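Residue numbers (my numbering), protein chains in the order written: chain A, 113 to 429; chain B, 5 to 260.
Read the hints as simulated data drawn from the structure, not as lab findings.
Among the chain A residues that face chain B by a calculated CB cut under 7 Å, a handful are:
1. V178
2. R219
3. M223
4. A299
From a predicted model like this one, the values you see are computed outputs, not experimental measurements. For each residue, glycine too, the CB sits at the ideal point set by N, CA and C.
The chain contents come next:
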Amino acid sequence: MDEVTDQQQADREARLDRLRDDAARLGPLTQPIAGYYGRPVLKPAIWTWEVPAYLFIGGAAGICAVIAWAAALFDNPALARDARHVAATGAALSPLLLISDLGRPGRFLNMLRVFKPQSPMSMGAWLVALFCTAEFGSVVGHLTGTVAGGAVARQCDLVAALAGLLLATYPGVLMGATAIPVWNRFARVLPWHFAASSLGAAASILELVGHRVQALNVIGLTAAVGVTALAVLTDFRRDGVSKPLVSGRSGTMSLLGDAFSGPLPLMLRLAASIWPAARLFAAAFAVAGSLLTRFAWVAAGRQSAQDPDLVLGVGSR
Amino acid sequence: MPTTGFFTDSTVCIGCKACEVACKEWNDVPHDGFEWTGQSYDNTGGLGHSTWRHVKFVERVRDGATAWDFSSDVCKHCEHAGCLEACPTGSIVRTEFGGVFIQPDICNGCGYCIVTCPFGVVDRRPDDGRAFKCTFCYDRQKAGLEPACAKVCPTQSIQFGDLEALRVKAAERLTVLEARGVTDAVVYDPLHTSVGGTHAIFLVRGDVTEYNLPPNPEVPTTVLGAAWRAAGLASAALFGIILLAFLTGGRSALAP
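Just chain B, with the same shape it has in the complex:
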């Protein structure tokens, strides 16, 4: 099976939010409230238990004029996924397409994946009790279909296909944009960190932090060794202290 990926090219996104709608419809995701945020045309806010695609509306001044950039965010399906490593039930698995999938019939809602995701993607649905996130349309991929968001995208801002081919495509697109004088475009694919790259890569204009994309995401398992060593040493110290304390006076009562 080839490893599949998303390449979200923000430079052609028109902010129509069809991806958000298609995702909700196909995956039967419930509504998660509505509120005016006052943050441009973004009243979705962020990814969550019931928002698996989220269009960001980035406002800035470019060349003296107000510029509006849109970018459709999604679960990154990390090469080294914090949620997958942390899941104590084995509910979160790597699919044959390389995506990260939460098996809803296994998840018991312990919530540990939520704090181990370096992108803040996973969350627990309060009225359901289980954790949810983008499934990478595992069911559609199994049937040979592309994910609902990519299928519905009217400008091909969301592209789906072989991950390595998409990485080449993203680099080519960057060259084309530079030739046209767009010098502030960057590809977001954190290959340089412990996350080891993402299966959802993004091309955005400007600074990635303006899109709430962490420049150096790290998979939390990197500190496991050091933390367990500390726990082991602390346990040994506890044992030694208690033994020594009893050696000094395990029976003799203090006055009174």
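One chain only, chain A, in its complex shape:
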């Protein structure tokens, strides 16, 4: 066993004292009427901070790749270049985060051993691989400065944009298709939530970098409206499954994340017509909200897995 600290030993003694008191008070029967001693049925995700961080970075980078492609199409090379750089940075960080979260990081290539459509994790691994390859090709192609290099880079930009769209939405499938009650319940909502959140974050990052084109403001506004609408779907429920989204630590994170990326930037962007600086505040809030939302969903899943009533259906008994 690992070394036991004095504090741990004291906690243990206190817990055993409580058990003895319970035994004296309640008699010989120790099992509660419902469930098995209230022990969780499910196991929570072992994901550490890297996964929610990746969900944010991957989603924002994916949308930036789409913006880069659209900006090039609409003849805004400065925005296209910066969006491409943000996307490429995200593409470089994503696999690092995912690999460091593995229990055996050295075996990360096993992810590409099979192509398995029924596994969202497998599809995600291939998607990240495709996105990173396309971004790498784009960066190298543009660096060469040759005509051929530019042509290759433009093809890569298109591939990255298409992969980026799915990169921003597949995490909803990844989390929805699990046994975790709160994720499973919102399997149809999660892809939309992540899409809207990533959309707002990507436009906001580019605004914070210094771009002021109207398109980014329109994207930011649409994303804020989207998040606000989706928050209404998830944050005003009173059933047991949705509880981690509205109460406790995960509920606080979830509500703050939604407020930061939905109603708050929406109002600030509308206020920008009389107070231009509000647009930057809106962007900053949207980025923070998008990041917080990913941590909130992961935390809510952890909370959800701990509640045996949700799977046993004994809460109403």
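Using the hints provided, position chain B relative to the given structure of chain A.
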């Protein structure tokens, strides 16, 4: 190869935990800590990365007296297994005996099987990094032997054999018990859900939820279609929004 199964008859379990010990010994499973739980004689707690058999101690009042029921839990080896579907490396496979097996030389510890198991069986061993669960003693079965827990069980509470034969046996046992006046016995084998039945079936007295057995376990892949459709639609919407935004003003800068 016949599909093999476990039939755990809780009515003859004496709670000796020999199955827990035999499993650990044969499979060389490390210890996972010891703690007094205060929950009857169950200080194992639940199945996990280093507990592949777990004897539950269910306490209740029956006919005015304190009753004690024991039941040895194990990986259910689902007909439609969430962990197997979800595994992105192909580490988790269906063996020729119908069991669900994690190949330890392939698993890279991504942990996705943990959240896709509707029974909370699989977990990642922190100091090892890989996911572990009951192997259905794949090595022993290959050599024509029964799993270690079934071999060691002194009351034949854990029975091993052809799955369909065991299903018949479980139904027969239920009839015998009813004839003897035991009316609260049930067989746990969720054939009615998307899991499609389990290769480890249980006969327990009372409500299955008192044993932490979910009454309606579902394999998570059932929502895959709806979730991917949502992702596809959301992706199309993202594409449309971005294009429209650039059509309205891709070059014109806002003041200031």
